[in-house]
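Numbers in the working numbering are just positions in the sequence shown, counted from 1, shifted up by 980.
Warning: the hint list may mix true and false statements.
[Said to hold, decoys possible] The calculated DSSO-like cross-link candidates involving lysine-lysine, where the alpha carbons are at most 27 Å apart (straight line), are:
(1) K1045 - K995
(2) K1020 - K1054
(3) K1008 - K1054
(4) K1039 - K1020
(5) K1008 - K1045
(6) K1039 - K1057
(7) K1008 - K995
(8) K997 - K1057
(9) K995 - K1039
(10) K1057 - K1045
(11) K1020 - K1045
(12) K1008 - K1057
(13) K1057 - K1020
(14) K997 - K1039
(15) K995 - K1020
(16) K1020 - K997
(17) K1020 - K1008
(18) K1039 - K1054
(19) K997 - K1008
(20) K1054 - K997
(21) K1057 - K995
(22) K1045 - K997
FYI, nobody ran anything at the bench for these hints, they're computed from the structure.
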Amino acid sequence: MSTSRSDSNNLDAVKQKAMAELFGAVIKSARERIGYSIEKASGLAGIEAREWSSMEAGKAPDLQKLDAIGAAVKISKEQMSTSVLLFRDSWVTQQAGD
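Please construct the entire structure, taking both the sequences and the accompanying hints into account.
Printed below as a string of structure tokens:
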């Protein structure tokens, strides 16, 4: 039975990582589409460049910063909301593990 629980935990971790990486790819694509550097986008969002870079690499950002992140790369609030819903497992598992 512990193997099943371990397998489930591993699957959850893989799912969380995949969802966070997909979210990061969406943000990176939006940033590149408008021709912004990480430094410019992060500055507009009011976050550190390393935090932005981590997000693009697959670390889910703080939910409180999503509006600023979206605005920095010209993603509407509706589009950001849709992205959060699609990739919500990026935060659910991460929040539970914190």
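Notebook entry, point to check: Which of the stated hints cannot be reconciled with the structure, identified by number in ascending sequence?
Noted result: 15
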